[in-house]
Structures are given as structure tokens and as C-alpha cells.
Amino acid sequence: MVKQSQLKGWLYLLPAILFLGAFMIYPLFDVFVYSFEEGYNFASQSYFGTGSYNYAYVLRDPYFISALKNTFIIVIITVPLSTIIALLISLGLSSIKPLKDLFQTIYFLPYVTNTLAVGLVFMILFKKTAYSDGLINMFINFFGGKSVDFITGPYWAKMFVMCFYTIWVVLPFKILILTSALASVPKVYYSAAEVDGTRSIDMFFKITLPMISPMVFYLIITGFIGAFKAYSDEVALFGTDLNSAGMNTIVGYIYDMLYGNSGGYPSYASAAAIILFAIVLTITVINLMVSRKTSIR
Amino acid sequence: MYESDELNKIGQRAKTVKRIKNAFIYFCLAMWAVIVLFPFYWMLLSSIKSYATYNSEFVPKFYASSPTLANYADAFTAVPLGRYLFNTLFFTLVTTAVMLVVITLAAFAFARLDFKGKDLVFTLFLALMMIPNELVIITNFATITSLNLRNTFTGLILPSVTSVFYIYLLKENFAGVSDDLYYASKVDGTSDLRYLLKVLIPICRPTMITIIILKVIECWNSFVWPRLITDKSDYFLVSNGIQEIRENGFGRENIPAMMAAVVVISVPLIVLFLIFHKKIMEGVASGGTKG
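Residue numbers (the numbering used here), protein chains in the order written: chain H, 1 to 297; chain W, 1 to 291.
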């Protein structure tokens with residue numbers, strides 16, 4: 001009887017264990033093996049040595065350096081900016097009553113859309129072609145500026161669209177989380193502060209922000225992780241050949257090494273993936289330490 | 001008398017300030033709503049302009065003077081958009097269905113059954129949540145390739161039928177159901193599986209529906225894995241299909257037809273969202289991941 005119930009538990013778990021074992025646990029070890037096998041080749045299934053050459057190669061590869069640079073720029077611009085905008089919008093949302101639900105629903109819409117499909121719309125809005133300068137350039141011209149090709153033009157312009165689109169894509173989640181965090185702050189605190197005649201700006205920094213700071217930190221941490229893994233939004237705007245567009249990201253570099261025209265090098269891809277993981281882990285640990293320190297104070 | 005007059009004035013001024021503040025807030029919120037909605041409007045608008053009209057507008061117009069549905073016909077005939085849609089639908093349904101079975105059984109084992117090593121395995125499962133997809137996808141690509149499963153639905157589906165996070169979510173939900181029901185059904189001689197199917201699942205239906213919807217959204221939008229594992233357009237999902245259309249579909253400049261395809265791809269999820277928006281937003285707020 002006892003034995004049977006023991007077995008039963010494992011039987012129920014079996015499918016999950018099989019799938020996770022084959023597609024998560026085994027690969028987790030295997031990626032480290034790959035990353036130390038020098039010159040591993042998919043076609044011949046052979047390699048010529050073991051060592052840290054793959055890491056050295058990746059770290060010297062100009063494509064990787066540029067991917068690293070792009071990713072860091074995206075992270076540094078979009079994470080703080082999107083968090084601040086989301087906070088402002090959520091504060092606005094929580095201070096109104098009529099139309100609140102409608103606004104909330106509209107703001108969440110980008111979360112459910114296919115980012116590759118909508119990215120194409122952003123592309124045509126910003127792109128300058130022989131037929132048309134595009135809608136955004138029309139506005140720029142209207143205000144007296146000169147047309148810029150945001151999709152195949154200068155680096156800063158491409159980076160601008162990139163960051164703009166990324167923020168557009170990540171805001172729904174952040175607004176949703178922050179709005180529900182704001183709604184959970186007990187009203188009593190505000191009433192008490194109002195009796196004391198506290199200014200609203202002080203109320204924000206003394207009551208609201210400390211109350212929602214765990215959620216803000218959660219968003220910053222997940223924001224960092226998400227932004228470091230940026231890839232499909234880039235493809236949506238600039239196409240699959242990100243290297244030639246000069247807009248590749250670390251994840252893009254991994255996939256390019258693995259597959260596609262420049263692919264077939266799982267060892268380099270693995271080394272790059274592990275470097276990415278190390279970066280993300282470091283940043284996350286720093287974030288956690290900062291958030292712990294702040295909340296203790 | 002004098003004092004109350006003064007007070008009235010102050011009150012009135014506070015009211016005006018508040019009104020101006022409110023108007024400003026509404027203005028800002030409306031602005032952002034426009035920025036969110038505009039791309040959707042633009043894709044619809046561009047998709048009903050004819051090819052000639054679209055290209056003759058050096059300054060794009062905000063309306064379509066002679067709307068046409070020809071682009072939608074093009075989207076389904078010039079490129080295999082129907083095929084992409086069918087593939088995605090099939091992939092989404094099978095993946096979601098298989099995943100539901102796998103996670104329900106696992107969640108039930110963790111929540112209700114007693115066996116040695118349960119806590120250890122559960123902790124291990126939770127630890128797996130921290131593993132980024134990028135780290136395991138390389139080996140998965142090699143595995144699927146060596147099993148000769150590239151360009152098959154099996155290869156597309158297999159790696160995405162488990163989710164530790166959903167197991168965790170469901171387990172918490174199962175564990176919240178009162179023990180009495182379980183013991184009562186035990187007394188009645190109900191088997192564990194029957195109890196799971198007849199009692200637990202109906203009670204936890206809201207959570208299961210949330211999980212289904214979130215998984216469907218994830219499947220419909222998945223891009224990276226399908227891109228690695230398929231290079232025949234017969235097996236493309238919509239994300240890969242739209243990328244293919246962009247790179248060598250209608251010819252580079254046929255943007256109206258491209259936008260028609262974009263609309264067709266976006267509509268199913270938008271409809272799903274309009275029906276279930278409360279549920280989706282609750283689900284994501286209660287522990288979804290970033291978009």
C-alpha cells in the first residue's frame with residue numbers, strides 16, 4: 001500500500017520530469033560542455049580540443065562587441081525610462097475614476113499583440129523610402145526638421161526607434177503591475193496625511209513610493225532581465241540580418257552563431273549564451289542587494 | 001462672516017486647481033492611448049489602401065479615399081498566409097493541450113500525493129524557473145536536429161509542453177482546496193484520478209482558464225524556436241511567416257498587402273483579448289512574466 005502510493009506520485013510527475021529532463025536539465029549541462037569544446041562542428045560531430053578558446057573568440061569578435069554595446073544601450077535607456085513612464089501613467093490612472101477601465105484596457109493591448117507583426121507597422125511609420133518619407137518624418141518636417149531614415153539611416157536614429165518600440169512593447173506589463181500595486185496602498189494613509197496637511201508631492205515620496213517599492217524593484221529586475229534578452233523586437237524592425245544593420249543584440253548573436261547564414265557554431269553560441277547568463281546574473285544580484293538595502297532603510 | 005468668505009475663496013481656488021490638474025491628467029492619459037492605438041489604426045488604414053494609392057501618397061493620408069479589400073485577397077493568395085495561420089492554430093492547440101495534461105498531473109502530485117523526495121523535487125523544479133531559455137535552446141536545437149525532427153510539428157511542440165511556472169501556479173491553487181473534499185471522496189472510494197478530474201479541476205477552473213489563455217498568447221507569438229527549427233515555409237508559424245513575407249513575400253514595396261497580412265495575424269489575439277481582457281489582465285498581474 002505504502003509502496004504503491006510512493007510509485008503513484010512519481011507516475012504523476014513522470015511526464016513533467018521527462019520533458020524537463022530532456023529539454024531543460026540535460027541542455028543546461030550540455031551547454032557548458034559545448035562551450036569548452038573548441039571548434040565543434042555540427043556536420044562532422046567532432047571537435048579538436050577543449051579549453052577556453054571559444055570564450056576568447058567570442059569576446060574578440062567585433063560582431064559580439066557591437067551586440068554587447070547595442071544591448072547595453074537598450075538596457076540603460078529603456079529600463080529606467082519605461083519604469084518612470086509606467087509609474088507616471090499608473091499614478092495618473094489611479095487618480096481618475098471615469099474611463100479608468102477603458103484606459104487600462106487600451107494600455108494593455110500591446111501585451112497581446114504579435115511583436116513581429118506590429119514591428120512592421122513601426123517600420124513603415126519610421127521608414128524613409130523613395131515613395132514617401134513616412135509619417136514620422138512628415139511630423140518632423142512640419143516642425144521644421146529634416147527627414148531622417150530611422151530604419152536604414154544613422155545609428156542614433158535606429159537606436160531611437162529601437163528604444164521607442166521596446167518601451168511601447170514593455171509598458172503594458174509595467175503599467176498593469178504598478179496600477180495594481182498603487183490600488184493596494186491603504187487609503188487610510190492618505191486620509192491621515194491629508195488631515196496633517198501634507199503636500200501631494202511629499203505624500204508620493206513619503207507614502208506611495210515606499211509602499212510600492214517592492215513592486216518597483218520587481219519591475220526593475222525583470223526589466224533588466226528582459227532587456228538583456230532583447231531580440232525579436234530588433235528583428236521586427238530591422239529584419240533577420242541584424243549584423244549588417246548594425247543592430248544585433250547578444251541573443252541575436254547567439255542565434256546567428258547557431259543557425260542561419262553565419263550559423264553552425266554551437267560552441268561559440270554556447271560561450272556567448274553563458275557570458276550573457278553571467279552578465280544577467282551579476283546585474284540581478286546587484287539589483288537584489290540594492291533593493292534589500294533600500295527596503296531595510 | 002469675513003472668515004467664511006475667505007475660506008470659500010480658498011476652497012474655490014483649490015477646486016479650480018484640482019480641475020486643471022484633472023484635465024491635465026486626462027490629456028496625458030489620452031495622449032498615451034493615442035500612441036498605443038495609432039499603430040493599430042495605421043495598419044488597418046494601410047491595409048485598405050490600394051497599392052497604387054499607397055505609393056502615390058508622398059505625404060501619407062489619414063484616411064483611405066477609395067478603400068479596397070484586394071490586399072486581403074493578395075495576402076491569402078500570393079503568400080501562403082492561410083497555411084501559416086493553420087500551422088499556428090494547430091501548434092497552439094496541441095502545445096496547450098499537451099501542456100495542460102503534463103502540468104495538471106505534476107501539480108496534483110505536488111499538491112495532493114505523498115511520496116519520498118517530493119519536497120526536494122519541488123525545490124528543484126522551482127530552481128529551474130531561473131534558467132533562461134537562451135541557455136538551453138542551443139542543445140535543444142542540436143537534439144531536435146539529431147532526432148531528424150526539424151520541419152515537423154513534433155519538433156516544434158516537444159520543448160514547449162512543460163512550464164515550471166504554471167505547475168507552480170496550479171499546485172498552489174490545488175493545495176488551497178480543502179482537504180475534507182479529498183477525504184470525503186476517499187471514503188466514497190473515488191480514485192485519485194477521478195478526484196482530480198471530477199472535483200479538483202472543476203473547482204480550479206478559473207486558474208486553468210487563465211493558464212490556457214496565457215499559453216495561447218505565448219504560442220501564437222512564439223518566434224525564436226520556430227525560426228530555428230523550421231526552414232520550409234510549409235511549417236512556418238505566423239511570426240516566421242510575417243518575417244518571410246517582409247523579406248521576400250509580395251515584393252519589397254507592396255506595403256498594403258503586407259499590412260493586410262499583419263492585420264489578419266493580429267486579429268485573433270485582439271479578439272481573444274477583447275473577450276477575456278479582465279481574465280488576461282488578472283492572470284498577468286497575478287504572476288505573469290514580462291511581455
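Everything labelled a hint here was simulated from the structure, so no lab data went into it. Among these hints, one or two may not hold up.
Stated by the list, open to error - Pairs of lysine-lysine residues, derived as BS3-like cross-links and limited to a Cα-Cα distance of at most 30 angstroms, are as follows:
(1) H/K187 to W/K21
(2) H/K100 to W/K171
(3) W/K18 to H/K187
(4) H/K206 to H/K187
(5) H/K187 to W/K61
(6) W/K278 to H/K229
(7) W/K15 to H/K128
(8) W/K279 to H/K100
(9) H/K8 to W/K171
(10) H/K97 to W/K171
Unchecked claim - Under 8 angstroms between C-beta atoms, here's a sample of chain H residues computed to sit facing chain W:
(11) K8
(12) F23
(13) T105
(14) V112
(15) I136
(16) F139
(17) I140
(18) F143
(19) I207
(20) L209
(21) M211
The beta-carbon is built from N, C-alpha and C at its ideal position, and this holds for glycine as well.
Verification of the hints:
no.: 1; hint: H/K187 to W/K21; verdict: 20 angstroms, holds
no.: 2; hint: H/K100 to W/K171; verdict: 34 angstroms, violated
no.: 3; hint: W/K18 to H/K187; verdict: 19 angstroms, holds
no.: 4; hint: H/K206 to H/K187; verdict: 14 angstroms, holds
no.: 5; hint: H/K187 to W/K61; verdict: 48 angstroms, violated
no.: 6; hint: W/K278 to H/K229; verdict: 29 angstroms, holds
no.: 7; hint: W/K15 to H/K128; verdict: 48 angstroms, violated
no.: 8; hint: W/K279 to H/K100; verdict: 17 angstroms, holds
no.: 9; hint: H/K8 to W/K171; verdict: 17 angstroms, holds
no.: 10; hint: H/K97 to W/K171; verdict: 36 angstroms, violated
no.: 11; hint: K8; verdict: 6 angstroms, holds
no.: 12; hint: F23; verdict: 4 angstroms, holds
no.: 13; hint: T105; verdict: 5 angstroms, holds
no.: 14; hint: V112; verdict: 4 angstroms, holds
no.: 15; hint: I136; verdict: 10 angstroms, violated
no.: 16; hint: F139; verdict: 11 angstroms, violated
no.: 17; hint: I140; verdict: 12 angstroms, violated
no.: 18; hint: F143; verdict: 15 angstroms, violated
no.: 19; hint: I207; verdict: 18 angstroms, violated
no.: 20; hint: L209; verdict: 18 angstroms, violated
no.: 21; hint: M211; verdict: 17 angstroms, violated
Checked against the numbered hints above, the structure violates hints 2, 5, 7, 10, 15, 16, 17, 18, 19, 20 and 21; every other hint is satisfied.
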